[in-house]
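Visitor: Each chain, written out:
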Amino acid sequence: DAGVIQSPRHEVTEMGQEVTLRCKPISGHNSLFWYRQTMMRGLELLIYFNNNVPIDDSGMPEDRFSAKMPNASFSTLKIQPSEPRDSAVYFCASTAGPSNEQYFGPGTRLTVT
Amino acid sequence: KQEVTQIPAALSVPEGENLVLNCSFTDSAIYNLQWFRQDPGKGLTSLLLIQSSQREQTSGRLNASLDKSSGRSTLYIAASQPGDSATYLCAALNDYKLSFGAGTTVTVRA
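Top line first, the protein sequences correspond to chains F and D.
Mind the numbering: the first sequence is residues 1113 to 1225 in the working numbering, read in order.
Mind the numbering: the second sequence is residues 215 to 324 in the working numbering, read in order.
Simulated from the structure, these hints should not be mistaken for laboratory data.
All values derive from a computational prediction rather than experimental measurement.
Glycine included, every Cβ here is placed at the ideal spot set by N, Cα and C.
A portion of the hints provided could be inaccurate.
[Stated by the list, open to error] Short derived list, chain D residues pointing at chain F, Cβ under 7 angstroms:
1. 245
2. 258
3. 263
4. 310
[What the hints assert, rightly or not] Okay, the calculated bits of chain F under chain D, using three or more residues with CB under 8 angstroms as the criterion:
5. 1150 to 1158
6. 1162 to 1169
7. 1189 to 1198
[Stated by the list, open to error] Heads up, simulated DSS-like pairs for lysine-lysine below, C-alpha to C-alpha not over 25 angstroms straight-line:
8. 256/D - 1136/F
9. 311/D - 1180/F
10. 311/D - 215/D
11. 1136/F - 1180/F
12. 1190/F - 1180/F
13. 1136/F - 215/D
14. 282/D - 215/D
15. 311/D - 282/D
16. 256/D - 311/D
17. 256/D - 1190/F
18. 1190/F - 1136/F
19. 1190/F - 282/D
Make the full structure from the sequences, and use the hints.
Guide: Set out below in structure tokens:
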């Protein structure tokens, strides 16, 4: 299995631009999570999907952030407009069930200048 | 809200020494506890997962214990090697939510 796939691996953009991060979970996994990692706050859960439905988006910092999961094999996290404080590493993780072991993707390092 | 704490924040040991990494959590109603390794600029690699009903889990030189009632887990790494240098994160799972500690950064000196 290829594991969780994320793209792009690195993204550099200017403040005000739209950013879209992508994730392909492990085949057969029905739960997907988006996390953000920063030096100041560590790893934080942004949003959790189960069977493609958003269950908990309480970690999404602002309305500028949105996430979708149109099907079982694809999810996006969008930031519009982006701000320098959004600079972080964004991880996607998937699992066969919400209480099972989570498998993380390699992350997308976002820099907003 | 689950709070996870890892002590120490950093550790430097000579090669061959055993490593002991500590993790504590405030809400004992966990489903499981996972230990991860993160290399600089890289993603998270799952090392061990301990279910709430288990007391310990072993994989090669790694052994993790869990004391749910006291809210503690310990990761032991035997006979450390320079390749073990990394940041180790523990994470406690409540319902679907994984709460992470800040990590322990380990340096193994050759």
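Visitor: Confirm or reject each hint.
Guide: The hints, checked one at a time:
1. 245: 4 angstroms, holds
2. 258: The hint holds - residue 258/D has a Cβ within 7 angstroms of chain F, the shortest such distance being about 4 angstroms.
3. 263: Where the cut-off is 7 angstroms and the nearest Cβ of chain F is about 5 angstroms from residue 263/D, the hint holds.
4. 310: 4 angstroms, holds
5. 1150 to 1158: holds (count 3)
6. 1162 to 1169: holds (count 3)
7. 1189 to 1198: violated (count 0)
8. 256/D - 1136/F: Given pair residue 256/D, residue 1136/F holds - Cα atoms ~18 angstroms apart, limit 25 angstroms.
9. 311/D - 1180/F: 19 angstroms, holds
10. 311/D - 215/D: OK: residue 311/D and residue 215/D at ~10 angstroms, within 25 angstroms.
11. 1136/F - 1180/F: 12 angstroms, holds
12. 1190/F - 1180/F: 9 angstroms, holds
13. 1136/F - 215/D: Judged against 25 angstroms, a Cα distance of about 29 angstroms means the pair is violated.
14. 282/D - 215/D: 16 angstroms, holds
15. 311/D - 282/D: 17 angstroms, holds
16. 256/D - 311/D: Distance ~22 angstroms between residue 256/D and residue 311/D Cα, so the pair holds.
17. 256/D - 1190/F: 22 angstroms, holds
18. 1190/F - 1136/F: 15 angstroms, holds
19. 1190/F - 282/D: 38 angstroms, violated
Violated hints, listed in ascending order, are 7, 13, 19; each of the other numbered hints is respected by the structure.
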